[in-house]
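Spelled out from the first residue to the last, the chains are:
2 protein chains.
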Amino acid sequence: MGEFDLIARYFTRPGRTEGGVVTHGIGDDCAVLTPTPGWQWLVSADMLVEGRHFLSTVAPRRLGHKALAVNLSDLAACGATPRAFFLSLAMPSANEDFLAGFSAGLFELADAHGIVLAGGDTTAGPLNINITVMGEAPPGTALLRSGARAGEDVWVSGTLGDARLALEVFRGSLSLPGEAFEAVRLAMELPQPRVALGQALRGIATAAIDVSDGLAGDLGHLLKRSNVGAELHLADLPRSSVLGAMPEAVQQLCLLTGGDDYELVFTAPADARARVLDAGRSTGTPVYRIGRIEEAAGLRVRDGHGRLLDQTLQSFDHFQS
Amino acid sequence: MGEFDLIARYFTRPGRTEGGVVTHGIGDDCAVLTPTPGWQWLVSADMLVEGRHFLSTVAPRRLGHKALAVNLSDLAACGATPRAFFLSLAMPSANEDFLAGFSAGLFELADAHGIVLAGGDTTAGPLNINITVMGEAPPGTALLRSGARAGEDVWVSGTLGDARLALEVFRGSLSLPGEAFEAVRLAMELPQPRVALGQALRGIATAAIDVSDGLAGDLGHLLKRSNVGAELHLADLPRSSVLGAMPEAVQQLCLLTGGDDYELVFTAPADARARVLDAGRSTGTPVYRIGRIEEAAGLRVRDGHGRLLDQTLQSFDHFQS
Chain A
1 MGEFDLIARY
11 FTRPGRTEGG
21 VVTHGIGDDC
31 AVLTPTPGWQ
41 WLVSADMLVE
51 GRHFLSTVAP
61 RRLGHKALAV
71 NLSDLAACGA
81 TPRAFFLSLA
91 MPSANEDFLA
101 GFSAGLFELA
111 DAHGIVLAGG
121 DTTAGPLNIN
131 ITVMGEAPPG
141 TALLRSGARA
151 GEDVWVSGTL
161 GDARLALEVF
171 RGSLSLPGEA
181 FEAVRLAMEL
191 PQPRVALGQA
201 LRGIATAAID
211 VSDGLAGDLG
221 HLLKRSNVGA
231 ELHLADLPRS
241 SVLGAMPEAV
251 QQLCLLTGGD
261 DYELVFTAPA
271 DARARVLDAG
281 RSTGTPVYRI
291 GRIEEAAGLR
301 VRDGHGRLLD
311 QTLQSFDHFQ
321 S
Chain B
322 MGEFDLIARY
332 FTRPGRTEGG
342 VVTHGIGDDC
352 AVLTPTPGWQ
362 WLVSADMLVE
372 GRHFLSTVAP
382 RRLGHKALAV
392 NLSDLAACGA
402 TPRAFFLSLA
412 MPSANEDFLA
422 GFSAGLFELA
432 DAHGIVLAGG
442 DTTAGPLNIN
452 ITVMGEAPPG
462 TALLRSGARA
472 GEDVWVSGTL
482 GDARLALEVF
492 RGSLSLPGEA
502 FEAVRLAMEL
512 PQPRVALGQA
522 LRGIATAAID
532 VSDGLAGDLG
542 HLLKRSNVGA
552 ELHLADLPRS
562 SVLGAMPEAV
572 QQLCLLTGGD
582 DYELVFTAPA
592 DARARVLDAG
602 RSTGTPVYRI
612 GRIEEAAGLR
622 VRDGHGRLLD
632 QTLQSFDHFQ
642 S
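Listed in order, the protein sequences are those of chains A and B.
Residue 1 is where the first sequence starts when you use my numbering, and the numbers rise one by one after that.
Residue 322 is where the second sequence starts when you use my numbering, and the numbers rise one by one after that.
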């Protein structure tokens, strides 16, 4: 099957790119997008490589989901309304089983969030998936990393650490009973980007970031850009019952440096607590208050006895791990 | 060197992402872009893989140029004004020589066309470069592939075939004297996207496409989308003196199926000839009239004796070559 047949069969959905912001999509040199008058565009790109961002054992359908999910998570972190995405895909060969599954998972999630595949590229090469997502927000409402101020609350959505726990089981360093493993494997392979929550937090949260490389590292980026620090209590970090049953050291590793969580960590003034909880409720997303922003730079995490953890909290770095 | 140091050293240029359409760039989950009021966005993505889109022998500086050039060429084909681009880069290791050269070539071309690197991704993996470009145009003025009508002229910019000629020398199937080889190698490694011409053709050209996979194939896409055909004369196709000195069969191959030309092929009504020539002159771009649009589907090319070429004119397909 040639490149153009492949695009036609798996990635073209006639009529679906008409209307809305996309007036011309796949089939021209560029997609033509009409902005919502007065709004700003929020754009992000994430590249996924086999063995680094996903295991070769992952089902193509789940991979299609995850490739878009990690990108939607960046839109969520900025409070963007998803509009269009561009997929570039390098594959060793045009494997139809792979393509059927991959595109099904991709479009399922795209439809759930009302985002349209507007263009991209396909080529032969080592498996590599790049997606560029575009969303919109009213001017000045995008959530950035730089707005946190001392005295504000630190919040996180959902639960942390399950994806890392699943990865450790895949690596053979831990083991779990079958049912527990399937539960954490879902967190790793089918992350649910917090797109609705991000939009609901526009005008409420002062800063936000998604947890892709681990809470400590990602919150660290937010603190640095905001020129502040934070104190968290380990006991307040939300975790699944599976992770909560693991030894304390494993919980700590997975909660703080896990990565692949795709939850939102964000800050908001103390007097906005009711509005934050409302945003969580109205979007069906659990939200938890996990700490406080402080003037002193750096991230301080206290254990159950109130003692500061002295470990160096590193986030995942693609060129050092 | 870690991922974040690498981005800071080679891909962050403080202050350059402020102002213009980009209000926040590298360092947040998304870039924030403010559209020109009332204009549309034109977006395209191209992925480059070693051994397929470039040879391992190419200098990193030229590769940085080419990776952006092929994307700017898509904006040119749509008549877009370049605004912002997103770079995703997978590399086996963080090689500083490579990064210094690559980023220098990339930014040199970006500055020449006033386009800003607004975000992206870096990761470890087999060498893979994906760029998503975003440009703008007043509503309804984007050049598409679908607007050609019978009776219109077919035009092309610059010269065709040199990049393919260089590739054949690299492959060892042809040889050229040193100076001639360097000239065609420039065409292959440092293509100049016709961005200014594309913008000048807004409101004049009725359809356009850039020649990336070969004139026959790319013009074929335009004809198909416009539901028309065309007749060209081989003798009218513009070529360099180096290609013009090669055997007739080589010229034909390189001109019609060469690929990697990044010239624009476009259509315009016969009464717009003076305006097309003006657009070429005002942007310093040679433009040549090479044929005519006809109602009958398909592409017909006549040789110097007026005979129709009977070869099947195939364009480059990444999964069949």
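Everything labelled a hint here was simulated from the structure, so no lab data went into it.
Even glycine gets a Cβ: it sits at the ideal position worked out from N, Cα and C.
Honestly, I wouldn't trust all of these hints.
For lysine to aspartate or glutamate, the following EDC-like pairs were computed, each having C-alpha atoms within a straight-line distance of at most 20 angstroms [claimed, not checked]:
1) K545/B x E3/A
2) K224/A x E616/B
3) K545/B x E616/B
4) K545/B x D5/A
Far from chain A by the CB rule (all over 12 angstroms, computed), these chain B residues [said to hold, decoys possible]:
5) L369
6) S533
7) H542
8) E616
_Checking one constraint from the list: CA of K545/B to CA of E616/B, max 20 angstroms. Satisfied?_
Given pair K545/B, E616/B holds - Cα atoms ~11 angstroms apart, limit 20 angstroms.
*Outside-interface status for E616/B - nearest CB in chain A farther than 12 angstroms*: Holds, since 22 angstroms exceeds 12 angstroms.
_Beyond 12 angstroms on every Cβ pair: is that true for H542/B relative to chain A?_
violated, 8 angstroms
_Given as non-interface: L369/B, which should sit over 12 angstroms from chain A by C-beta_ = violated, 8 angstroms
*CA of K545/B to CA of E3/A, is that 20 angstroms or under?*
holds, 17 angstroms
*Take the C-alpha atoms of K545/B and D5/A, compute the straight-line distance between them, and say whether it is at most 20 angstroms.*
holds, 15 angstroms
*Taking the closest pair, is the beta carbon of S533/B still more than 12 angstroms from chain A?*
With a cut-off of 12 angstroms, S533/B comes too close to chain A, as the shortest Cβ separation is near 9 angstroms.
_Check the hint pairing K224/A with E616/B against an upper bound of 20 angstroms on the C-alpha distance._
violated, 63 angstroms
Hint violations for this structure: numbers 2, 5, 6 and 7, all remaining hints satisfied.
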